[in-house]
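Spelled out, the chains give:
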Amino acid sequence: QKEVEQNSGPLSVPEGAIASLNCTYSDRGSQSFFWYRQYSGKSPELIMFIYSNGDKEDGRFTAQLNKASQYVSLLIRDSQPSDSATYLCAVTQGGSEKLVFGKGTKLTVNP
Amino acid sequence: GAVVSQHPSWVICKSGTSVKIECRSLDFQATTMFWYRQFPKQSLMLMATSNEGSKATYEQGVEKDKFLINHASLTLSTLTVTSAHPEDSSFYICSASPRGYSYEQYFGPGTRLTVT
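Residue numbers (my numbering), protein chains in the order written: chain E, 393 to 503; chain G, 130 to 245.
To be clear, the hints were calculated from the coordinates, so they are not data collected in a lab. Some hints here could point you the wrong way.
To be verified - Quick list of in silico lysine-lysine cross-link-like pairs, DSS-like style, CA-CA up to 27 Å: (1) G:K184 with E:K394; (2) E:K459 with E:K448; (3) G:K195 with E:K434; (4) G:K170 with E:K495; (5) G:K184 with E:K490; (6) E:K498 with G:K149; (7) E:K495 with G:K193; (8) G:K149 with E:K490; (9) G:K170 with E:K434; (10) E:K495 with E:K394; (11) E:K434 with E:K495; (12) G:K143 with E:K490; (13) G:K193 with E:K394; (14) G:K149 with G:K184; (15) G:K143 with E:K434; (16) G:K170 with E:K394; (17) G:K195 with G:K170; (18) G:K193 with E:K490; (19) E:K448 with E:K394; (20) G:K170 with E:K490; (21) G:K195 with E:K490.
Owing to the predicted nature of the structure, the values given are computational and were not obtained by experimental measurement.
Just need the whole structure built from these sequences, with the hints factored in.
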């Protein structure tokens with residue numbers, strides 16, 4: 393069973409702080425890794441993807457991937473109340489294009 | 130770019146009727162489209178994968194005769210819930226993967242189905 397594990401939270405951080413979200417996956421064949429943001433009652437929105445080991449930065453977001461440890465993380469710098477949402481980690485299943493989703497981490501940014 | 134639309138955004142139907150949900154990629158051609166359902170406070174569950182011009186591939190436990198998927202073109206896929214029952218009430222979300230860009234999926238806004 394291919395699994396993606398995330399801490400369900402809730403994770404609370406003050407406005408302006410760094411929020412750190414973590415994800416581990418079981419399938420060593422996974423090649424592509426995604427972070428989606430989902431506001432309550434809405435569909436997921438793609439915010440970051442990463443394919444290679446290391447860091448990838450996009451604005452206030454940094455994705456980090458360590459394939460040896462089967463670990464992917466998302467850092468949100470200068471967190472804003474509008475970042476309050478559930479963050480879903482998704483991983484491709486082996487060599488296929490299917491995504492396996494974690495259950496999500498609920499983030500709350502307090503003003 | 131990478132905009133996906135869904136219609137309707139919400140629908141209420143009576144038990145035993147059928148409901149069709151459309152998913153369109155507005156500014157790109159989609160090699161593959163995916164259909165998910167999501168129950169409250171749970172993560173996304175993949176129902177099926179569809180490729181233009183071929184039959185959909187259903188996940189284990191998903192009834193293909195109940196959830197009919199048609200991927201008529203590179204920009205349109207439809208999901209028809211046949212003989213709907215209250216337990217089919219859920220949030221149905223489609224996603225599309227742009228042609229030539231492996232694995233990124235862009236989601237539509239979702240359709241909330243309530244079966245009474």
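Results for each hint:
With a C-alpha separation of about 25 Å, the suggested pair K184 (chain G) and K394 (chain E) falls inside the 27 Å cut-off, and the hint holds. For the proposed pair K459 (chain E) and K448 (chain E), the alpha carbon gap of about 14 Å is at most 27 Å, so the pair holds. Between K195 (chain G) and K434 (chain E), the direct Cα distance comes to roughly 25 Å. Compliance with the 27 Å bound is thereby established for this hinted pair. Proposed proximity of K170 (chain G) and K495 (chain E) is supported: the alpha carbons are some 9 Å apart, at most 27 Å.
For the suggested pair K184 (chain G) and K490 (chain E), the alpha carbons sit about 16 Å apart, so the restraint of at most 27 Å is met. The hinted pair formed by K498 (chain E) and K149 (chain G) fails the criterion: a straight-line CA distance of about 32 Å is larger than 27 Å. Simply put, K495 (chain E) and K193 (chain G) have alpha-carbon atoms about 25 Å apart, close enough for the 27 Å limit, and the pair holds. The hinted pair formed by K149 (chain G) and K490 (chain E) meets the criterion: a straight-line CA distance of about 23 Å does not exceed 27 Å.
About 12 Å separates the Cα atoms of K170 (chain G) and K434 (chain E), which keeps this hinted pair within 27 Å; it holds. Between K495 (chain E) and K394 (chain E) the alpha-carbon distance is near 13 Å, which keeps this suggested pair within the 27 Å criterion. Distance restraint check for K434 (chain E) and K495 (chain E): the Cα-Cα separation of roughly 15 Å lies within the 27 Å cut-off, and the hinted pair is therefore satisfied. Under the criterion of a C-alpha separation no larger than 27 Å, the hint pairing K143 (chain G) with K490 (chain E) is inconsistent with the structure, at around 33 Å.
Taking the CA atoms of K193 (chain G) and K394 (chain E), the gap is about 23 Å. The hint holds against a cut of 27 Å. Our distance criterion of 27 Å between C-alpha atoms is met by K149 (chain G) and K184 (chain G), whose separation comes to about 17 Å. As the CA atoms of K143 (chain G) and K434 (chain E) are separated by approximately 24 Å, the hinted pair is consistent with the 27 Å bound. Taking the CA atoms of K170 (chain G) and K394 (chain E), the gap is near 21 Å; set against the 27 Å cutoff, the hint holds.
Simply put, K195 (chain G) and K170 (chain G) have alpha-carbon atoms about 24 Å apart, close enough for the 27 Å limit, and the pair holds. Proposed proximity of K193 (chain G) and K490 (chain E) is supported: the alpha carbons are some 18 Å apart, at most 27 Å. Of the pairs offered as hints, the one joining K448 (chain E) and K394 (chain E) holds, with about 25 Å between alpha carbons and a cut-off of 27 Å not exceeded. With a C-alpha separation of about 22 Å, the suggested pair K170 (chain G) and K490 (chain E) falls inside the 27 Å cut-off, and the hint holds.
Between K195 (chain G) and K490 (chain E), the direct Cα distance comes to roughly 22 Å. Compliance with the 27 Å bound is thereby established for this hinted pair.
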